[in-house]
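Numbering-wise (UniProt numbering), the sequence shown opens with residue 1 and increments by one.
Calculated directly from the structure, the hints in this document are not laboratory data.
Heads up, a few of these hints could be off.
Stated by the list, open to error - Okay, derived cross-link-like pairs now, BS3-like style, lysine-lysine, Cα gap no bigger than 27 Å in a straight line: (1) K29 / K16; (2) K494 / K514; (3) K469 / K509; (4) K2 / K237; (5) K353 / K509; (6) K16 / K2; (7) K494 / K299; (8) K509 / K392; (9) K509 / K302; (10) K302 / K385; (11) K469 / K302; (12) K468 / K385; (13) K21 / K2; (14) K302 / K514; (15) K237 / K469; (16) K21 / K237; (17) K509 / K299; (18) K468 / K237; (19) K392 / K514; (20) K494 / K469; (21) K353 / K302; (22) K468 / K514; (23) K299 / K514; (24) K509 / K468; (25) K494 / K468; (26) K469 / K385; (27) K237 / K494; (28) K469 / K514; (29) K29 / K237.
To be verified - For each label pair, taking beta carbons as the anchor points, the in silico distance ranges come out as: (30) A363 / K469: 34 to 44 Å; (31) Q28 / K302: 42 to 52 Å; (32) D153 / R127: 21 to 31 Å; (33) E517 / G402: 38 to 48 Å.
Using N, Cα and C, we set each Cβ at its ideal position, and we do this for glycine too.
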Amino acid sequence: MKVPLTPIDWLRRARKLYPHKTAVVDGQKRFTYSEFSSRVGRLSHALLELGVSQGSKVAVLCPNTHPMLEAFFGICQLGAIIVPINIRLQPEEIAYILDHSESEVLIVDSEWGHVVEPILRGRSGLRHVVQIASHDSPLDAYDYEALLERASDDPIETQIDEDQPLSINYTSGTTSRPKGVVLTHRNSYLNAADFLFHLRVAHDDVYLHTLPLFHVNGWGGVWAITAVGGTHICLRKVDPAVILRLYVDEGVTLACAAPTVLNMILQHPDVEHVQLNRRTRMATAGSPPPAAVIDKAEKFLKMEIMHVYGLTETSPFITCCEWTQAHEHLQGDARARAKARQGVEMVFAGEVKVVREDGQEVAWNGQEVGEIVARGNVVMDGYYKNPDETAKVLRDGWFHTGDLAVVHPDGHIEIVDRLKDIIISGGENVSSVEVEGVLYEHPDVIEAGVVSRPDDQWGEVPVAFVVKKPGTGLTEEELRAFCRARLAHFKVPKAFYFVDQLPRTATGKLQKFKLRETLWAGMEKRVH
């Protein structure tokens with residue numbers, strides 16, 4: 001017998017086996033799996049009354065709250081397609097996504113009512129707006145709780161094809177208009193299976209949603225935690241003090257976060273005073289975490305840092321830094337650097353390798369650089385309404401990530417740069433990631449971004465933008481000496497620019513093109 005692979009079925013399992021277990025904690029609100037499932041059912045019936053059906057797109061603009069969790073199940077179990085929208089986007093970007101995705105319904109938290117109100121005029125394709133907590137908002141919209149209150153919570157019976165779209169997740173748009181990544185039920189199911197397996201998710205886990213749920217469906221955590229009947233802890237916004245409190249008060253055992261968020265937590269003055277009575281786990285991804293950050297997290301928070309890697313186009317997981325007995329002999333800096341690698345292909349992800357331009361694998365020597373490519377059940381169906389861009393990245397049966405990496409003798413992949421971000425100085429390749437890793441080791445550096453600057457002699461040279469700790473007297477000369485003691489001299493930044501903050505996308509990725517613009521303005525090319 002064959003039944004469709006779909007992660008929405010896991011709520012049925014949790015409701016059946018653990019009806020009285022706490023499913024969701026959102027501030028003062030707590031819901032058991034029976035209560036949560038009932039709310040999901042009511043949302044589905046409310047959406048049916050609004051005309052939502054198989055294939056309809058429902059956009060959701062909401063932080064990490066219980067309605068956001070409900071939306072994933074309530075929309076998708078109808079065979080409709082969820083379109084999670086980044087809450088940090090500008091109004092014109094939200095308008096573009098609503099139009100491009102052809103969303104028929106928008107569910108929006110009232111905090112963003114003033115953001116979307118001006119752009120809703122004239123959007124004929126958007127038939128209904130549903131608002132959560134309707135106070136202090138200019139929107140004329142259905143009230144979320146009122147809709148649920150009068151809707152049925154009868155079970156939803158919908159035929160789901162595992163290859164039909166579950167979500168359209170828009171890329172962060174670091175260099176151009178965001179692209180809509182179409183992920184299927186099968187994609188999401190197998191990605192969540194990797195989440196379950198490699199992050200060792202268990203029934204007693206208490207999971208803190210530090211990672212935005214709009215970001216590739218919370219990396220699949222929304223499905224995986226539900227699958228085993230774990231507890232979801234909602235986090236409306238990233239606040240290091242609140243996060244540390246939740247670890248203590250709610251007994252958080254697992255979380256996921258970009259290195260930027262992990263670094264924010266480590267910079268909080270109370271981090272050294274937190275008393276945890278258990279060893280916890282945190283998965284981190286989004287960019288290679290500096291070895292110094294991993295070392296601090298394990299030292300101060302007693303965290304097991306699990307480094308994972310992937311992209312929106314791969315649901316997102318494809319590799320993890322799988323730690324084995326063979327690595328236990330590593331100590332200190334060598335241990336932290338090994339943990340910062342992207343690692344090996346995940347069990348359910350399919351095949352991942354690093355290839356030369358001719359498609360052949362690079363040598364496993366930790367030196368030869370190639371591009372990471374992947375194929376398997378987690379690779380997207382394609383970019384929505386964008387066959388040309390789809391064809392650019394899906395070639396010869398492989399998804400081309402655009403990430404440059406080496407493979408170490410143990411098979412672990414390590415990213416050395418983005419394909420478009422490599423710095424070629426005097427014919428030598430300089431890894432901006434490597435230089436950034438060294439800068440993060442300095443105790444007075446909070447954040448660092450390394451890009452190229454045009455140079456008459458070398459073509460281009462590396463320079464660094466640095467956010468330093470407040471009140472410190474860190475100087476350019478001190479940083480240069482620090483780097484020269486740890487890097488080949490051609491890799492040392494030729495200039496250090498101290499800034500208050502670095503430009504990042506709404507998902508935390510460093511926007512290096514914005515840093516480069518300040519250095520290459522007026523020039524026809526961005527390389528020499």
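Hint-by-hint comparison with the structure:
| no. | hint | in the structure |
| --- | --- | --- |
| 1 | K29 / K16 | 22 Å, holds |
| 2 | K494 / K514 | 19 Å, holds |
| 3 | K469 / K509 | 21 Å, holds |
| 4 | K2 / K237 | 41 Å, violated |
| 5 | K353 / K509 | 23 Å, holds |
| 6 | K16 / K2 | 21 Å, holds |
| 7 | K494 / K299 | 33 Å, violated |
| 8 | K509 / K392 | 22 Å, holds |
| 9 | K509 / K302 | 26 Å, holds |
| 10 | K302 / K385 | 46 Å, violated |
| 11 | K469 / K302 | 23 Å, holds |
| 12 | K468 / K385 | 43 Å, violated |
| 13 | K21 / K2 | 30 Å, violated |
| 14 | K302 / K514 | 36 Å, violated |
| 15 | K237 / K469 | 23 Å, holds |
| 16 | K21 / K237 | 25 Å, holds |
| 17 | K509 / K299 | 25 Å, holds |
| 18 | K468 / K237 | 24 Å, holds |
| 19 | K392 / K514 | 24 Å, holds |
| 20 | K494 / K469 | 21 Å, holds |
| 21 | K353 / K302 | 32 Å, violated |
| 22 | K468 / K514 | 19 Å, holds |
| 23 | K299 / K514 | 34 Å, violated |
| 24 | K509 / K468 | 19 Å, holds |
| 25 | K494 / K468 | 18 Å, holds |
| 26 | K469 / K385 | 45 Å, violated |
| 27 | K237 / K494 | 37 Å, violated |
| 28 | K469 / K514 | 22 Å, holds |
| 29 | K29 / K237 | 16 Å, holds |
| 30 | A363 / K469: 34 to 44 Å | 41 Å, holds |
| 31 | Q28 / K302: 42 to 52 Å | 29 Å, violated |
| 32 | D153 / R127: 21 to 31 Å | 24 Å, holds |
| 33 | E517 / G402: 38 to 48 Å | 20 Å, violated |
Of the numbered hints listed earlier, those contradicted by the structure are 4, 7, 10, 12, 13, 14, 21, 23, 26, 27, 31 and 33.
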